[in-house]
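**Student:** Could you put together the complete structure from these sequences and hints?
There are 2 protein chains.
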Amino acid sequence: MYLEDLRVGQRFTSGTYLMEESAIKAFASAFDPQPFHLDEAAARASVFGGLAASGWHTAAATMRLLVTGGLPFESGLIGLGGEISWPRPTRPGDTLRVESEILSILPSRSKPNQGIVTVRSITLNQNAEKVQVLTSKILIYKRPQPLTEL
Amino acid sequence: MYLEDLRVGQRFTSGTYLMEESAIKAFASAFDPQPFHLDEAAARASVFGGLAASGWHTAAATMRLLVTGGLPFESGLIGLGGEISWPRPTRPGDTLRVESEILSILPSRSKPNQGIVTVRSITLNQNAEKVQVLTSKILIYKRPQPLTEL
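Sequence order for the protein chains is V and Y.
Be aware that the first sequence starts at 48, since it is given in this note's numbering, and climbs by one per residue.
Be aware that the second sequence starts at 48, since it is given in this note's numbering, and climbs by one per residue.
Hints should not be assumed to be uniformly reliable.
Any copy will do: because identical chains look the same in the list, a pair fits if it lies in one copy or spans two.
[What the hints assert, rightly or not] Below, computed lysine-lysine pairings styled on DSS-like, alpha-carbon distance capped at 27 Å:
id, residue 1, residue 2
1, K184, K158
2, K189, K158
3, K158, K72
Everything labelled a hint here was simulated from the structure, so no lab data went into it.
Just so we're clear, the structure is a prediction, and the values are computed from it rather than from any experiment.
**Tutor:** Dropping the structure here:
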């Protein structure tokens, strides 16, 4: 889909992604080495009450789900920024999916072939509980024109 | 540092983190498999004009810098959410650092031993150019009271 194919209120659903315990610990080890992401006993004693994925791991998994079909934008998913929150933790063994909705579409005034789409992407676990809410601004292009029309 | 040690306007600087090309491609392969994060030629032809790290990789590297001294909160960095933007791409070979500033401190009314701190963390490359601006809400605790005071 290109800019001209989108409309406000359109919804998209991604495939699924399993958050394995080993992957949660590996990600945390590399990027968020805090006890509640790395060690079950420490996690039980923490505010999380058990091992929890780094929020940035949930964000990264969400991006994978969006890029691999969750948001079928032909020109790619080039994010300019957005708002993110984690209403509850992602747990080992959770299977995530992402439901997205187009909130607004803003064609560029200076660059006629592009625009910015605002998308809300809600990441859910297998119990349909929200583990992340991301509202992002994505750069999107119009369908390339065939050369014969030039 | 605990909740009572913080004040609005306080600033913190992290260590540094090298974004290696192999790590950029490995992260993108796992979480953001788009051509401009994986392949130099495709990236040159894209809006990035050359290989660029996934924004989520920049976010993850930023978290590592914050956790490993960039924000020395004794009770850990438990993020509730925030706003993120990527004013320019992170490139292979960039050395990142994070400069943070406390924007607000909100003690909890219902839980006297905790509060929420809003922190702006700016991730800079070796040329002091902003590659990410993150404003996050972090759960923070007061200093644990010695048992002798109970």
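**Student:** Please go over all the hints and tell whether each is borne out by the structure.
**Tutor:** Hint by hint, here is what the structure shows:
Taking identical chains as interchangeable, the C-alpha atoms of K184 and K158 lie at most 27 Å apart only when both belong to the same chain, with a minimum of 17 Å there against 35 Å between chains. Taking identical chains as interchangeable, the C-alpha atoms of K189 and K158 lie at most 27 Å apart only when both belong to the same chain, with a minimum of 10 Å there against 51 Å between chains. Within a single copy, K158 and K72 get their C-alpha atoms no closer than 44 Å, and across copies no closer than 30 Å, so neither meets the 27 Å cut-off.
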